[in-house]
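Residue numbers (the working numbering), protein chains in the order written: chain U, 65 to 398; chain L, 65 to 398.
Certain hints may be false.
No copy labels: a pair is met if it fits in one copy or bridges any two.
[Said to hold, decoys possible] Straight-line Cα separation of at most 20 Å, EDC-like style, residue types lysine to aspartate or glutamate; simulated pairs:
hint	residue 1	residue 2
1	Lys219	Glu366
2	Lys110	Glu393
3	Lys219	Glu354
4	Lys170	Asp139
5	Lys110	Glu259
6	Lys170	Asp138
The set of hints was computed from the structure by calculation and includes no laboratory data.
Each chain is listed here by its residues.
2 protein chains.
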Amino acid sequence: MTDTVTLSLAALQRLLEEILLRHGCSADVAACIAHNYAIAEQDGAKSHGVFRLPAIVSTLKSGWLDGKAVPSVDDVSPGLVRVDARNGFTQPALAAGRALLLEKAKTCGIAAIAIRNSHHFGALWPDVEPFARDGLIALSVVNSMATVVPHGGTKPVYGTNPIAFATPREADDPLVFDQASSALANGDVQIAAREGHALPAGAGLDRYGNPTTDPQAVLDGGALLPFGGHKGSSIALMVEILCAGLTGGQFSFEVDWSEHEGALTPKTGQTIIVLDPERGASAPFRSRVEQLLTKLRAAGQERLPGDRRYANRRRAQLNGISLTRDEHEMLLAL
Amino acid sequence: MTDTVTLSLAALQRLLEEILLRHGCSADVAACIAHNYAIAEQDGAKSHGVFRLPAIVSTLKSGWLDGKAVPSVDDVSPGLVRVDARNGFTQPALAAGRALLLEKAKTCGIAAIAIRNSHHFGALWPDVEPFARDGLIALSVVNSMATVVPHGGTKPVYGTNPIAFATPREADDPLVFDQASSALANGDVQIAAREGHALPAGAGLDRYGNPTTDPQAVLDGGALLPFGGHKGSSIALMVEILCAGLTGGQFSFEVDWSEHEGALTPKTGQTIIVLDPERGASAPFRSRVEQLLTKLRAAGQERLPGDRRYANRRRAQLNGISLTRDEHEMLLAL
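Here chain U stands alone, though its shape is the one from the complex (with noise of 0.2 Å):
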């Protein structure tokens, strides 16, 4: 196809680098998040890769984002870690507590790390999906801006704030799901809107509050609604909880860019869970995951989550990574 070029993995982690560095991100902060979103590319979360660049570079230009950030790490108690990512991006906040997270996590059984004053624009699971290649189950809760009506509610609070769990397996890759609290991720609208897809029925609102399918309307003033109703609802709020009123950082519904013209990321918090399966278990922790696996294909589940991910991710390492010409061009001109 000629429409296409393909680049490794490496190669696109270089161009995303370069363009970081070009707008005023520190060498650490550009390898951090060019990996971050040369993965997501890698393993076909469109909605999460280098699309969001344009949004990043906008954000850095306006003065809303520190890439240049020097996270500031507290060892506050046996198990819990706080980071002030002190207005910079969260992976490399993240980056920073790890090494004592995991040390804390192998000490106590089970350890947190609560981080604020945080950027996060990119997808969750490559946040947890290392803790679990490490042995441990995480869970990962991030807030981010104001775009989803609570049920029963007509104004938006709440951020799509996802939940991302993963899991070790006995022998495979680890098990790892990411979803958002709302019906559908922000990503998702804006991919729909760039390609004029209609919305699911039951996903969002216009500007008025009345049930649309069309993302335009979504996105001009319009909100997103939880899934599954009062109880999608009663995960989000859940994640400000523990996001926000945790860490120390900020609600959804407070992020205010106004200051900041260009600006589009969320300043909000993170807070990771992780835990030790094997500590003093009664039964061999990865052999029963594998087990209930087993279960649900035999219950006629074809596909567990993340299969797809790690389908994508093994064609682009033989393959490497399809770009679309326009997108690489795109990344070329920043």
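Since the structure of chain U is already known, use the hints to place chain L on it.
Chain L only, in chain U's frame:
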């Protein structure tokens, strides 16, 4: 009204305690379980109140559940308590490990209790609300018996797998939610069958795997569906892994009471994670939670999770707990 009998919480608890003692529970277990079902009835959770007593008695008679079990508590690491319920109810196992869990949470900032070989047959919020009254955030999950079909599958694998979450507030009762990962709880289906109500669409399948709104068709070899499609299904999966994989307990699909006629309680596991929200936070946690809840009300969400439960509780504290005459006679007959 002549068709109701009104009891105080203490009187209802004494009545339930006598029933449990008569059917082979130890004094400790009877007191703990009587309290659990009496407060569920008090809080208006008819599906988790005295309605469950005949099934409990039937299970005790079957020999499937040991009403005299003495839980054994293991202090496995600085942040982790494990409890073997030794085939008894879950609630006394939690009670046995609770002081150690609180001590670990205060020391470490985060801690978890993993309970196995345990029968949880009651409401989940009574397990988490007391932690919030002690100033902690609590998240609990429990699995049950296979009645829920995974998204995309055709046979039940998951239990109704509820999640309960509780957090302290500034000046009010804790904020608590407790929700099944299925579209409906088993108790709701039983109540609907008894009272002849139809189920909402999208909640159940009949024994042939066809969608149904007939509660009896769900109970007669049918199954429930997860809430919110694949996202609710992934949450049910996480609950299985945390309640059985992590604890060393049984998956919902492994519950096999075929040798115990009359058995109706699941022997599985439960995990509770507690966090100390004031540990090193840069803002006072409880007032931050209030700010979020104020915002939710301003956005039009009139009822917060747990509001109805607290209203029922206050009414019962003033006026006593109303049972129908049938319910009261059923209890006296036991």
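Handout entry: Within, between, both or neither, where Lys110 and Glu259 count as close if Cα-Cα is 20 Å or less
Key = within (12 Å within a copy, 49 Å between copies)
Handout entry: Copy assignment of Lys110 with Glu393, given that the CA separation must stay at most 20 Å
Key = within (16 Å within a copy, 62 Å between copies)
Problem - Same-copy or cross-copy closeness of Lys219 to Glu354 [CA-CA at most 20 Å] - result: Only across copies: Lys219 and Glu354 sit 18 Å apart there, 43 Å inside one copy, limit 20 Å.
Problem - Status of Asp139 relative to Lys170 across identical chains (alpha carbons, at most 20 Å) - result: both (15 Å within a copy, 15 Å between copies)
Practice task
Since the copies are identical, ignore which copy is meant and state whether Lys170 and Asp138 lie within 20 Å (CA to CA) inside a copy, between copies, both or neither.
Solution key: Both: 18 Å inside a chain and 17 Å across chains, each within 20 Å.
Practice task
Up to 20 Å between alpha-carbons, please classify Lys219 paired with Glu366: within, between, both or neither.
Solution key: between (38 Å within a copy, 12 Å between copies)
This entry satisfies every hint, going by the numbered hints stated previously.
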